[in-house]
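Student: Protein chains in written order, with numbering that gives the first Met the number 0: chain Y, 0 to 278; chain C, 0 to 657.
Any given hint could be a false lead.
Some chain Y residues near chain C, calculated using beta-carbon distances under 10 Å [stated by the list, open to error]:
id, residue
1, Glu-150
2, Asn-151
3, Glu-153
4, Asp-219
These are computed hints drawn from the structure, not numbers from a lab. None of the values given here were measured: they were computed from a predicted structure. Backbone N, C-alpha and C fix where the C-beta goes; we use that ideal spot for every residue, glycine too.
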Amino acid sequence: MNEAIHPPIDPNEGYVTEDGRRIGGVVMEMKHITLRFGGVEAIKDISFDIREGEIRAIIGPNGAGKSSMLNVISGFYNPQEGEVWYKGQIRKPMKPFQVARQGIARTFQNIALFEGMSVLDNVMTGRLNHMKASFLDQGFWWGKAQREEVENREKAEQIIDFLEIQAIRKTPVGRLPYGLKKRVELARALAAEPQILLLDEPMAGMNVEEKEDMSRFILDVNDEFGTTIVLIEHDMGVVMDLSDRVVVMDYGKKIGDGTPDEVRNNQEVIDAYLGVSHD
Amino acid sequence: MALATPPAGAPQSVPALLARNVAQFGSKPAYREKEFGIWQSWSWSEASEEIEALAMGFLALGLEKGDYLAIIGRNRPALYWSFVAAQKCGAIPVALYQDSPAEEMAYVLEHCGARFVVCGDQEQVDKVIEVQETVHGIDQIIYVDKRGMRKYDHTHMNAMEDVQSEGRAGHYRLEPIMREREAALGYDDTCVMLYTSGTTGKPKGVVLSNRNIIETAKNSSEFDHLDVHEEVLAYLPMAWVGDFIFSIGQAYWTGFCVNCPESPETMLTDLREIGPTYFFAPPRIFENMLTSVMIRMEDAGRFKRRMFHYFMDHAREVGPKMLDGESVGAMDRLKYALGNLMVFGPLKNTLGLSRVRVGYTAGEAIGPEIFDFYRSLGINLKQLYGQTEASVFITQQPDSEVRPDTVGVPSPGVELRIDENGEVYYRSPGVFVEYYKNAESTASTKDAEGWVATGDAGFIEPDTGHLRIIDRAKDVGKMADGSLFAPKYVENKLKFYPNILEAVVFGNGREMCTAFINIDLTAVGNWAERNNIAYSSYQELAGHPRVLETIQSHVEETNQSIAQDEMLSGCQIHRFLVLHKELDADDGELTRTRKVRRNIIAEKYSDLIDALYAGKTEQYTETEVTYEDGRKGKITATLELRDAKVVPTGAPAQVAAE
Chain Y
0 MNEAIHPPID PNEGYVTEDG RRIGGVVMEM KHITLRFGGV EAIKDISFDI REGEIRAIIG
60 PNGAGKSSML NVISGFYNPQ EGEVWYKGQI RKPMKPFQVA RQGIARTFQN IALFEGMSVL
120 DNVMTGRLNH MKASFLDQGF WWGKAQREEV ENREKAEQII DFLEIQAIRK TPVGRLPYGL
180 KKRVELARAL AAEPQILLLD EPMAGMNVEE KEDMSRFILD VNDEFGTTIV LIEHDMGVVM
240 DLSDRVVVMD YGKKIGDGTP DEVRNNQEVI DAYLGVSHD
Chain C
0 MALATPPAGA PQSVPALLAR NVAQFGSKPA YREKEFGIWQ SWSWSEASEE IEALAMGFLA
60 LGLEKGDYLA IIGRNRPALY WSFVAAQKCG AIPVALYQDS PAEEMAYVLE HCGARFVVCG
120 DQEQVDKVIE VQETVHGIDQ IIYVDKRGMR KYDHTHMNAM EDVQSEGRAG HYRLEPIMRE
180 REAALGYDDT CVMLYTSGTT GKPKGVVLSN RNIIETAKNS SEFDHLDVHE EVLAYLPMAW
240 VGDFIFSIGQ AYWTGFCVNC PESPETMLTD LREIGPTYFF APPRIFENML TSVMIRMEDA
300 GRFKRRMFHY FMDHAREVGP KMLDGESVGA MDRLKYALGN LMVFGPLKNT LGLSRVRVGY
360 TAGEAIGPEI FDFYRSLGIN LKQLYGQTEA SVFITQQPDS EVRPDTVGVP SPGVELRIDE
420 NGEVYYRSPG VFVEYYKNAE STASTKDAEG WVATGDAGFI EPDTGHLRII DRAKDVGKMA
480 DGSLFAPKYV ENKLKFYPNI LEAVVFGNGR EMCTAFINID LTAVGNWAER NNIAYSSYQE
540 LAGHPRVLET IQSHVEETNQ SIAQDEMLSG CQIHRFLVLH KELDADDGEL TRTRKVRRNI
600 IAEKYSDLID ALYAGKTEQY TETEVTYEDG RKGKITATLE LRDAKVVPTG APAQVAAE
């Protein structure tokens, strides 16, 4: 199942979607990735690509290896076998600070915010990689440090405005309801101005209205900033509506890859979701 | 009526006032808006430059003299500029309620024949595009916020920024045209057209002239000694005449600064940051603020709570007197000053009302205890009575003559008359020109001598000259036994209880009064929380037996208070129910300014009314609801109908229940 189901598009060229978004060439490619934890094979020989500006979903039943895949994409896990090609180069194992600086940001399945800090401060932490002033300058908040803070605050405020969280700007995150925390997490990820944004179950535990809001924000982010988005999601309706292409995983293997329609009609996918006996 | 003519050379239009302000207060802030977390400001000269660029941009797009330009969106400087820019082009601005459904918008846009529509953001643009399926007169759409607009068809659509750049680029060509149109504006030309909220039937377009607006702004500013140093927060709907008078009329007359909040949700924070000196809010806002203060005090520590109540008790006694300038003993003054230091000052600061010099409330009756609460804190809160047709002001309370039960004395320049049926009539320089394309309604509202019927029944207190309003004239009816039926009077008494958000009383032509009650989710929800009462929905809470008991006690107390007024004692409520859903403007049950639409409610819930009069104790009902996105759904409920004790008054038809 390494061949993509969709008709091949030249990896260096893009296309324009029905709703007028421009999808670029391949920005990241997974080639024959295998990831093991001791004796457990979490991911078995998976290959797929991510195009610039698209919304790429990874779906699959619980334990299919989706979150592990996301961690491979972000560079947090190093696969035992296979290659990750990112911006035309093979990506070597990285140190955490290198992971953070490669232009990939993410949100977490379980919210990982600083609960005691305000929304604004949380969003500002997303700007950390854009602050270059020396320790001394920052200590005295002088010269470059001051200029940088103003610039970064401005950027953070634009994102606060974009995600419509002005009213909670100064509220400690711990006091916010779940749906808003998720939005703050998205804000922090966006603050890093990533080229690729990884969303791990952005709608988990949300009610219908919160899901609608979040869907709109995901589409807006993709549309306004041209950010490539990779998302894991269980809500099939959301996935099929939002994404341009979908990778389906089951027991660490890729069982489908293509447009939502192609995936929906794929027998293996249907089996995995409805359940058939495994050999 | 003798028309006042301005002295030669005095500004005769809003654009002329703008020019005067640029000359007099050029560098003083005229507008502020919080954006990206910072208050951005524009001085009068900067605002004027923006407005002229916009006006010339409108001209470049082909805005003609006499065209109608509709404005839809939340309060933002750019939209206020659109009003004046339209006037500079000789066009007539029309403001629309931004939360009105597409069909209502379609009616107004069709009725005024708007050629240009200025929208705040994508949401409004979408509505206008929907409207364009049926209304074909719209030529150009201009939007302020660019977000999400990239993929729209821009053949007849422009971002305001681009319109302004075009105007700036073409100023050699366009400026003379603009100057010419601006100079042609006269005192009796139309300044603005505002649609009435439509408590009855379709909205009517009220045409207000420059004379109406400028004379009213001048008189009312002088009445309250407003000057160039005032700060106001513009947060009420721009389509409402009050906002037009405060944020454009008075602001341009006196040159004070208009502050626009960052978003509707941040209004209370922004209020606190700005600290307005001149503040208007409908009673609902004051109620909400008081409710939240009281809820937070309940949660405060015992020491704070006792301190709060100790000083508030004292303030209720002497605070209003001190505001009215009556004599108060030295000890009381000292105690009040101490209270101010420890409680009132910090509290006012938290509410953002520290600097309020003149505060007004209007639109609905305000509960006496709410009113007194703010006055006892030393906030000069007053009441006014007004209408779109009067350019707001009919009566208002002068400083030191403030009482919760009156609406004040006639505003400067206003004459009052009460006809034999008790209906209030007025005549003033602010009286509207006409209803647009509706000569019939104009004639039935305004007579040849310029007297306008308010539609409200009231009387003038002989000794003080203050006007008191009882109810809508057409709502005042007769019970079956011939006694007076004034539903609003009873509803207001009910609504003064924090637990009751809305009440609708029925009984015209019947032998007894009944009521629908809406609980206030904030207050009742908090009460439920403190009493460990679990509930999963509004409906469940509204039907909880203990909630019903509480409401019943409120109804019975109200009955006792009504019984004391001989004329109205027949209006006591015999039976009531608590509604399973909140009355909502989206369902047509309230007007956009949250006034009850009695007939629509009576029709929609006729099964419930019948059940109340049939003496049933339970009734199953299905109600259609409209969600925010316009979809419709249905909710079902079985409601408990209760009897309330009434006070016998010896009237023939009285039947004491239970």
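Student: None of the hints should be skipped; say for each whether it holds.
Tutor: Hint check:
Interface hint status for Y/Glu-150: violated, as the beta-carbon distance to the closest one in chain C is roughly 12 Å, over 10 Å. The beta carbon of Y/Asn-151 comes no nearer than 12 Å to any beta carbon in chain C, farther than 10 Å, and the hint placing it at the interface is violated. Using the Cβ-Cβ criterion of 10 Å, the hint placing Y/Glu-153 at the interface with chain C is satisfied: the shortest such distance is roughly 6 Å. Against a cut-off of 10 Å between C-beta atoms, the interface hint on Y/Asp-219 holds, since the closest Cβ of chain C lies about 6 Å away.
In summary, the numbered hints that this structure violates are 1 and 2.
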